[in-house]
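*Asks:* Protein chains in written order, with my numbering: chain A, 1 to 286; chain B, 1 to 286.
For the record, the hints were derived by calculation from the structure and aren't laboratory data. Check before you lean on any hint, since a few could be wrong.
[Stated by the list, open to error] Far from chain A, some chain B residues (derived; all Cβ distances over 12 Å): (1) Glu6; (2) Ala8; (3) Gln14; (4) Lys29; (5) Pro87; (6) Leu88; (7) Lys129; (8) Met131; (9) Gln177; (10) Val178; (11) Pro196; (12) Asp204; (13) Lys266; (14) Asp280.
[To be verified] If you want the footprint, here are the derived chain A segments under chain B, 3+ residues with CB under 8 Å: (15) 19–30; (16) 57–66.
Cβ atoms here follow ideal geometry from the backbone N, Cα and C, with glycine treated the same way.
Number of protein chains: 2
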Amino acid sequence: MKVHYECAACYLRQAREALDLATSDESLKMEIMEDIIRTLGENFRNGAVTNQMGTAMHRNIKKKTGNRDPYQDQREKCNQIAQQFLPLIVKLLEDDNSLKNYLKAAITGNIIDFGALGLETDIKDLILKNMQKDLAIDHSAQLEKELKKAQNVLYLADNIGEIVFDKLLIEKIKEYQVKVIMALKEEPILNDACIPDALEIGLDEVAELTSIGTDSIGIIYYDASSQFREIFQNADLVIAKGLGNYEGLDEMDLGEKPVFCLLNAKCKPVAREIGVKTGDSVVMRI
Amino acid sequence: MKVHYECAACYLRQAREALDLATSDESLKMEIMEDIIRTLGENFRNGAVTNQMGTAMHRNIKKKTGNRDPYQDQREKCNQIAQQFLPLIVKLLEDDNSLKNYLKAAITGNIIDFGALGLETDIKDLILKNMQKDLAIDHSAQLEKELKKAQNVLYLADNIGEIVFDKLLIEKIKEYQVKVIMALKEEPILNDACIPDALEIGLDEVAELTSIGTDSIGIIYYDASSQFREIFQNADLVIAKGLGNYEGLDEMDLGEKPVFCLLNAKCKPVAREIGVKTGDSVVMRI
Numbered sequence: 001m002k003v004h005y006e007c008a009a010c011y012l013r014q015a016r017e018a019l020d021l022a023t024s025d026e027s028l029k030m031e032i033m034e035d036i037i038r039t040l041g042e043n044f045r046n047g048a049v050t051n052q053m054g055t056a057m058h059r060n061i062k063k064k065t066g067n068r069d070p071y072q073d074q075r076e077k078c079n080q081i082a083q084q085f086l087p088l089i090v091k092l093l094e095d096d097n098s099l100k101n102y103l104k105a106a107i108t109g110n111i112i113d114f115g116a117l118g119l120e121t122d123i124k125d126l127i128l129k130n131m132q133k134d135l136a137i138d139h140s141a142q143l144e145k146e147l148k149k150a151q152n153v154l155y156l157a158d159n160i161g162e163i164v165f166d167k168l169l170i171e172k173i174k175e176y177q178v179k180v181i182m183a184l185k186e187e188p189i190l191n192d193a194c195i196p197d198a199l200e201i202g203l204d205e206v207a208e209l210t211s212i213g214t215d216s217i218g219i220i221y222y223d224a225s226s227q228f229r230e231i232f233q234n235a236d237l238v239i240a241k242g243l244g245n246y247e248g249l250d251e252m253d254l255g256e257k258p259v260f261c262l263l264n265a266k267c268k269p270v271a272r273e274i275g276v277k278t279g280d281s282v283v284m285r286i
Numbered sequence: 001m002k003v004h005y006e007c008a009a010c011y012l013r014q015a016r017e018a019l020d021l022a023t024s025d026e027s028l029k030m031e032i033m034e035d036i037i038r039t040l041g042e043n044f045r046n047g048a049v050t051n052q053m054g055t056a057m058h059r060n061i062k063k064k065t066g067n068r069d070p071y072q073d074q075r076e077k078c079n080q081i082a083q084q085f086l087p088l089i090v091k092l093l094e095d096d097n098s099l100k101n102y103l104k105a106a107i108t109g110n111i112i113d114f115g116a117l118g119l120e121t122d123i124k125d126l127i128l129k130n131m132q133k134d135l136a137i138d139h140s141a142q143l144e145k146e147l148k149k150a151q152n153v154l155y156l157a158d159n160i161g162e163i164v165f166d167k168l169l170i171e172k173i174k175e176y177q178v179k180v181i182m183a184l185k186e187e188p189i190l191n192d193a194c195i196p197d198a199l200e201i202g203l204d205e206v207a208e209l210t211s212i213g214t215d216s217i218g219i220i221y222y223d224a225s226s227q228f229r230e231i232f233q234n235a236d237l238v239i240a241k242g243l244g245n246y247e248g249l250d251e252m253d254l255g256e257k258p259v260f261c262l263l264n265a266k267c268k269p270v271a272r273e274i275g276v277k278t279g280d281s282v283v284m285r286i
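Extracted from the complex, chain A is given alone in its bound form:
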């Protein structure tokens, strides 16, 4: 995806948040912020690619602060918090065990910021609200059709916490007699899930775990490892979670490969691109 005018403010908000998490050295934060704005000033224009700009910015913050994982505190607690809500989700999926309901559960995991929300009731309400809400774009029937034809499914993970809900969807997907490979980040970036985060909740029991070979936001195809690119090419079907993966896949020539994005349109630029309202959830073949 290419940048929209709103993205600039969002980059700097993210930069401020990441800097606050990465270091308490205020003069260093100022120095890095100056550098980020200079770089943004040189590169933010019509046609610039969102993931490339965001990735460069977060790598810069990690490198200059010497903090390889500013979101480590969240990493330590998000999976744990998400797992507390497994019984609720399992109950909702028992009541309606359609593939679509599992897809909605996985998107619900993407909506909830397990790091920011502390109160149990907040999260419970959010889960119930989002499981009730209809999809604004619903290609779940197409996805099911492709699943029935597929042998190899590549699942692109997004955040920690969220992967607890992904595990349920992957278990459901395996009922279609497919092999699932879940791709995670090689190194921490934002609160994106890495292989150790997936191992922590036993995702290796339901999927083969791999990494994209780097720490990009979403997928930047030329930046991913050749091993990952081979997995991507060999996959019969790709299921991608979240905004970053959508933004990256939107930049790729996907040919005939069935690629489905499961996401909540959290920001206006993405909502505008896919033609839904901010806050809408979609299961969308791109």
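Please build the complex by placing chain B on the supplied structure of chain A, with the hints as guidance.
*Replies:* Chain B in isolation, oriented as in the chain A frame:
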């Protein structure tokens, strides 16, 4: 005041908001945003002055969109909304008619975003909460002492809506037998009050109204008119509302002139500079 690392994100958030209010032409918004970021990239560094950068940015948006008052909708309704709460404020000031309580009322006017808050109960709760809360820095006794000595008081206004509450404080101040000149913006910028906004609520009945001669955020001394600079020099006492005025006065050589800032530390950089917590209110001689 000089920029802090957090200011960059705040500038771009403001830019996005102002652009959304100023025009619906999305390619124009992108074009202007590119320009804003390029300028920010060239100028945002240690030592840059907050008001100068913010003013340049908002002037750029007004000029390039051809919209001289992006906040016009707010301008039309904020004074009206604020006036609905006058009886409540008047009652609170009857219960405690000390100068300090009037100062707190004026700061409460500064805290409330009458444009953003629609629900009557929200605003009522905010007023009651902020009138109960103590000042984190309280130089109101010093201010009273200076008032007793003064003949000419210059009152630097901030936002529309808020000026309804300022009127009550100015009436109180006039009990000290002083002449009050209220300075407003010559042209709209953000939701800052201009002379017509003040006339609308009869501020000319309690104060002489003047403008700073330009549309800067707060005061940028060299940018103000010579007429305003003369008024400033002749004032025995200056009372300044809000963050923008504090940020501008902080850049000036005030000599021995008693200048008091009435503000709520809405952002971390200002809170850090004056040594209070975000959200604290102060009556502070600077």
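*Asks:* Identify every previously stated hint that the structure contradicts and give their numbers, smallest first.
*Replies:* Numbers 1, 2, 3, 4, 16, in rising order.
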